[in-house]
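Novice: Sequence:
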Amino acid sequence: MSDRYQSFALSGPGSFLSKQLGLPQPPRLRRFEPGQPVLDGPALVGGAAESRLTEAVNAVMRSIGAEVLDSAEGDRKLGAIVYDATGIDSSERLHALYEFFHPVIRKLKTNGRVVVLGTPPEDCGSAREATAQRALEGFTRSVAKEVRHGSAVQLVYVKPGAEGNVESTLRFLLGAKSAYVSGQVIRIGEGQPTIPEDWDRPLAGKVVLVTGASRGIGESIATTLARDGAHVVCLDVPQAGEALTEVANRIDGSTLQLDITDRSAPDTLAKHLLERHGGVDVVVHNAGVTRDKTLGKMEDQQWDMVLDINLSSQERINEALLEQNVLRPGATIVSVSSQSGIAGNAGQTNYGTSKAGVIGMVQSLAPQLADVPATANAVAPGFIETEMTAAMPTFTREAGRRMNSMVQGGLPVDVAETISWLASPASAGLNGQVVRVDGQSILGA
Numbered sequence: 003m004s005d006r007y008q009s010f011a012l013s014g015p016g017s018f019l020s021k022q023l024g025l026p027q028p029p030r031l032r033r034f035e036p037g038q039p040v041l042d043g044p045a046l047v048g049g050a051a052e053s054r055l056t057e058a059v060n061a062v063m064r065s066i067g068a069e070v071l072d073s074a075e076g077d078r079k080l081g082a083i084v085y086d087a088t089g090i091d092s093s094e095r096l097h098a099l100y101e102f103f104h105p106v107i108r109k110l111k112t113n114g115r116v117v118v119l120g121t122p123p124e125d126c127g128s129a130r131e132a133t134a135q136r137a138l139e140g141f142t143r144s145v146a147k148e149v150r151h152g153s154a155v156q157l158v159y160v161k162p163g164a165e166g167n168v169e170s171t172l173r174f175l176l177g178a179k180s181a182y183v184s185g186q187v188i189r190i191g192e193g194q195p196t197i198p199e200d201w202d203r204p205l206a207g208k209v210v211l212v213t214g215a216s217r218g219i220g221e222s223i224a225t226t227l228a229r230d231g232a233h234v235v236c237l238d239v240p241q242a243g244e245a246l247t248e249v250a251n252r253i254d255g256s257t258l259q260l261d262i263t264d265r266s267a268p269d270t271l272a273k274h275l276l277e278r279h280g281g282v283d284v285v286v287h288n289a290g291v292t293r294d295k296t297l298g299k300m301e302d303q304q305w306d307m308v309l310d311i312n313l314s315s316q317e318r319i320n321e322a323l324l325e326q327n328v329l330r331p332g333a334t335i336v337s338v339s340s341q342s343g344i345a346g347n348a349g350q351t352n353y354g355t356s357k358a359g360v361i362g363m364v365q366s367l368a369p370q371l372a373d374v375p376a377t378a379n380a381v382a383p384g385f386i387e388t389e390m391t392a393a394m395p396t397f398t399r400e401a402g403r404r405m406n407s408m409v410q411g412g413l414p415v416d417v418a419e420t421i422s423w424l425a426s427p428a429s430a431g432l433n434g435q436v437v438r439v440d441g442q443s444i445l446g447a
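Just so you know, we're using the working numbering here: the sequence shown kicks off at 3 and counts up by one.
Any given hint could be a false lead.
[What the hints assert, rightly or not] 25 Å max Cα-Cα, derived BS3-like pairs, lysine-lysine:
(1) LYS109 with LYS147
(2) LYS21 with LYS111
(3) LYS147 with LYS21
(4) LYS21 with LYS79
(5) LYS111 with LYS147
(6) LYS79 with LYS161
(7) LYS295 with LYS273
(8) LYS111 with LYS79
(9) LYS21 with LYS109
The hints are simulated quantities; they were obtained by calculation from the structure and are not laboratory data.
Remember, predicted model here, so these are calculated numbers, not experimental data.
Construct all of the structure, not just a fragment, from the sequences and the given hints.
Specialist: Right, dumping it as structure tokens:
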């Protein structure tokens, strides 16, 4: 469904009127197109004294062919600002943030990017250092609400020893693929990433399973992962067979018609992946449903259906894949959670419970996958333009669109791009992450 208000606000007369009346002005977001550079403009790179990631950042900048500036003199606009804050080891030294950003933050271009790098507080050498590093979260989330114009701000905590694992994450956060991701805190650990031969096809040669792939966000996930080189096994219920086949044929993938709530489904799926593909590299748990009612009016069948499809089926599938050694070394599991699983939502106690459970599943599963080795992460979409949101009452739909720093709804491809980043072998340092794809919604953290 198109956002008519955004189209009006981007027109000449609409832009004038919205400014005069103080109405929201949703920008046109820069989204990925093949062949475009990662950065849309020069990058200013800086850091606090004694920071440890400057060399790694500069290596990534060379890899992406970015123009790097030592200073931001004059009126030239910046495509990105990257700041290494790992050297800030006390609250007094947080003044370095002000000194660096104050003169340059207003030079950020439309759709610009800001990335601050820090040390995970739990890995700091002292309580004062941990305090200062934790303070970076308030800084980045506040700046993210100030920059506007489609720009995004992120905090990336890099574990000591994982300095060489930053490229995949910086490429994603600095580029157009992260158009609807802002105000996030990402943790990079000591995984063993594999740098792809071609960054445009990081999933080349990989087998990917996508559940709920026949339409909506699932279709976009399947399409995006195929674009990035994967063979996609598209799974959905038999009733969606025709649409599922159309998707698979279009992306040169394959299909599996299966009801994931059937108790035999995990074994059927494991057998299929082993016999047809010799295993699987990426599992995307996308299938899900809503059955919205306030708790006092909800039937137990509505509760059970949502919990079984959205959460319990994922647990059963994961257990079967692990027990039968279907996950290949370096595999990753990505589950689709929701903003409702973080902030809650009236009329969605069943849905919110299931999606919070998905986060718990990923965070508890992540350390257990070390022996494979494999990783588990989740994305939590906010308001995404789908058939489901198009059916919302007008006021509710408009509120969902405007209550975020991007002042608009996201698109299914925004979720898909985030999943592709997490699924990449180059992102093996990411494990147990929950990344919101919500334009920095004001709901929740």
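Novice: With reference to the structure, classify each hint as holding or not holding.
Specialist: Hints and how they fare:
no.	hint	in the structure
1	LYS109 with LYS147	holds (16 Å)
2	LYS21 with LYS111	holds (19 Å)
3	LYS147 with LYS21	holds (18 Å)
4	LYS21 with LYS79	holds (23 Å)
5	LYS111 with LYS147	holds (15 Å)
6	LYS79 with LYS161	violated (32 Å)
7	LYS295 with LYS273	violated (38 Å)
8	LYS111 with LYS79	holds (5 Å)
9	LYS21 with LYS109	holds (21 Å)
In terms of the numbered hints stated before, the structure departs from hints 6 and 7, listed from lowest to highest.
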